[in-house]
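A.B. asks: Chain by chain, the residues:
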Amino acid sequence: MIEIKNLTKEYVQGRSRIAALKDVTLTLGEGMTAIVGTSGAGKSTLLHVLSGMEPFERGSVTIDDVPIAGLSEKEMAAFRNRNIGMVMQQYSLIPDFSVLENVWLPLTFSEKRCPRSERLELAKQAVRTVGIEELTGRPVDTLSGGQMQRVAIARAIVNSPRYLFADEPTGALDGENTEKVLEVFRKIAEGGVCVLIVTHDMHVAGCCRRIVRLEDGRLVRS
Amino acid sequence: MSASRLFSQSGIAFRLLIKNLFINLVLCLLVFVCVLSCNYAWYQAREIGENYRIIASLKHEKTLLCMGYDLDFSGLEIPHSEGGMRRAIVSDQLRVYFYAKALPEHITIPLSKGSWQSEPQTVGETVYYPMVVSRETSPYKMGSRHRIQLLNGTTVHIYICGVLNREQRFVNLSAVTNAVNADYLVGECDRNTVSLFGIEELYPSEVTHGMYVSETGPKFVFFDENLSEEDYMECYRYCRDQGFVYTYDALMEACREQLRQGYTFFLPLVLCLALLSIVGVISFTVLSVKNNTVYYSCFLLCGGTRSDCIRLSVFNLCWIALFGLLITLFVTGLFINAGVFDGWYQVTAANVCISLGLGACVPLLGWLVTVLLFKNKTNLQLLKAEA
Chain A
1 MIEIKNLTKE
11 YVQGRSRIAA
21 LKDVTLTLGE
31 GMTAIVGTSG
41 AGKSTLLHVL
51 SGMEPFERGS
61 VTIDDVPIAG
71 LSEKEMAAFR
81 NRNIGMVMQQ
91 YSLIPDFSVL
101 ENVWLPLTFS
111 EKRCPRSERL
121 ELAKQAVRTV
131 GIEELTGRPV
141 DTLSGGQMQR
151 VAIARAIVNS
161 PRYLFADEPT
171 GALDGENTEK
181 VLEVFRKIAE
191 GGVCVLIVTH
201 DMHVAGCCRR
211 IVRLEDGRLV
221 RS
Chain B
1 MSASRLFSQS
11 GIAFRLLIKN
21 LFINLVLCLL
31 VFVCVLSCNY
41 AWYQAREIGE
51 NYRIIASLKH
61 EKTLLCMGYD
71 LDFSGLEIPH
81 SEGGMRRAIV
91 SDQLRVYFYA
101 KALPEHITIP
111 LSKGSWQSEP
121 QTVGETVYYP
131 MVVSRETSPY
141 KMGSRHRIQL
151 LNGTTVHIYI
161 CGVLNREQRF
171 VNLSAVTNAV
181 NADYLVGECD
191 RNTVSLFGIE
201 ELYPSEVTHG
211 MYVSETGPKF
221 VFFDENLSEE
231 DYMECYRYCR
241 DQGFVYTYDA
251 LMEACREQLR
261 QGYTFFLPLV
271 LCLALLSIVG
281 VISFTVLSVK
291 NNTVYYSCFL
301 LCGGTRSDCI
311 RLSVFNLCWI
321 ALFGLLITLF
331 VTGLFINAGV
341 FDGWYQVTAA
351 NVCISLGLGA
361 CVPLLGWLVT
371 VLLFKNKTNL
381 QLLKAEA
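Chain order of the listed sequences is A and B. Residues 1 to 222 in this note's numbering are what the first sequence lists, from first letter to last. Residues 1 to 387 in this note's numbering are what the second sequence lists, from first letter to last.
Treat the hints as calculated values from the structure; they're not laboratory data. Source: prediction; values computed, not measured. Heads up, a few of these hints could be off.
What the hints assert, rightly or not - Below, simulated EDC-like cross-link-like pairs (lysine to aspartate or glutamate); rule was C-alpha separation at most 16 angstroms, straight line:
#, chain 1, residue 1, chain 2, residue 2
1, B, K19, A, D96
2, A, K187, A, E30
3, B, K377, A, E73
4, A, K180, A, E133
5, B, K375, A, E73
6, A, K22, A, D216
7, B, K19, A, E133
What the hints assert, rightly or not - Stretch-level coverage of chain A by chain B, calculated; a stretch enters the list once three of its residues show a Cβ under 8 angstroms from a Cβ in chain B:
#, segment
8, 80 to 88
9, 190 to 196
C-beta: ideal position from N, C-alpha, C; glycine also.
Same shape as in the complex, but just chain A (with noise of 0.2 angstroms):
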């Protein structure tokens, strides 16, 4: 479960500081949630914060009773890794690696001790979940749009989190991929994982179970 109790999050510009989440204070557990609002309202943000990407000035982030603020950047990484997969409205693949090799990227930070080929059958099992086991060689830069946003889900679920962070998931998608890569989220939140979705895009909001709104940096409706 994430607690999120009177969270503030500024950014200084020149002299000035501006709050990106104002008393932002929120409850999130197992299932889809949707952040939505509008460009500026401060949705990545918050997904930033969460991911401990970005530090926050006030406020508390707890992660199943982890205060995240306390970690090092060595734990939070280490935390991250384990916890949290990530995915990006731009993928963040390593073009020239293969689906797998961008699959296993996870396993190599790991701090899990597991032979090769476990590691190889989690990377598997992870290509397998969303549905593109016959791409496994394949360089991720001959994929089309649809297939490197699922190869990073994959990426993203392999270490097993409790936790799915995805930014405008499928902002660069058009309609039919869009519809498969909500279909793995679905697959992957029906397995007990929280999966947190960032998007404008009211579609992919009404599919998940519940929808957060906020609006110039502070919650409005949850």
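Given chain A, work out where chain B should sit, using these hints.
C.D. replies: Positioned in the frame of chain A, the structure of chain B alone reads:
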């Protein structure tokens, strides 16, 4: 950090090497040029310094020419050409010179041990000819006896009757007809090899003094501090009669001219090349690290730390440095075998240190560039840069 994790990360670094193949190949070649030019510049600078030291030590104005000559066994047909200089090389570590009968009798090359002998010793049925060595190195010790196989198969038995004074300087001259070239002008008496000095008349050579003047081959210049004015003039007349009319001043000028050529043209050229290649290595290292930035953001997303990214960057550049050094090793090996380097590029401790030092600089530089890159960027900025 577990070994398997390190191994996996070095594997990723290797993949990154292939990913930016063009830049990394150029970087490898620049490392090669840099290592080679720095080694050569070091060699040149050391040689020039050493030669100046030798010239400075040849301060006696009565230094003479042609006190002996390189072995030119026309009769035995074994002259060996080495960089334009004719020498008789018996083995890798042994060269034979002959002390000419025509030397002015009153000039003797000072020895640190033993004395010059002219009579051979007979032990049983074997005749051992007297030899002086330039330095005592196993097995060529004072008083020892040896059987030497010349390149043409001729066998000579020798005994060591003396050791040259190590402070003694000989200068090699290359002579073409009556003209003295500046090539191989200066050098201590065969620093790297043991040289044997015998008495010419004891060997079946048909070389005459008139012949060797017209031969291409190094001649000895012998410097004797105790030489009297009268002896000097006599020697000078002798040298002049033999076709060598060069005085000490002319010899020194020729030495300096050769050195000047070294440091006014060649050394600056090599230093420029070294400098350019160093600038190139720095630029391409920065480029390589910057090109990898997009991957670092992926690693951060996947649970990697900044330290992991820096380590990957260093691993990546370690691979490049390794390939650069391997190329250097391979090419220099080829060049040495082909005789292109003509002996200047030897595998010495200094060469190895320079090469490894420069090789180590590449990953160090990569580490520095990555640290500086990360210092000014948050994780999110790295992610956004990638997007």
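A.B. asks: Tell me the hint numbers this structure goes against, listed in increasing order.
C.D. replies: Per hint list: 7, 9 violated.
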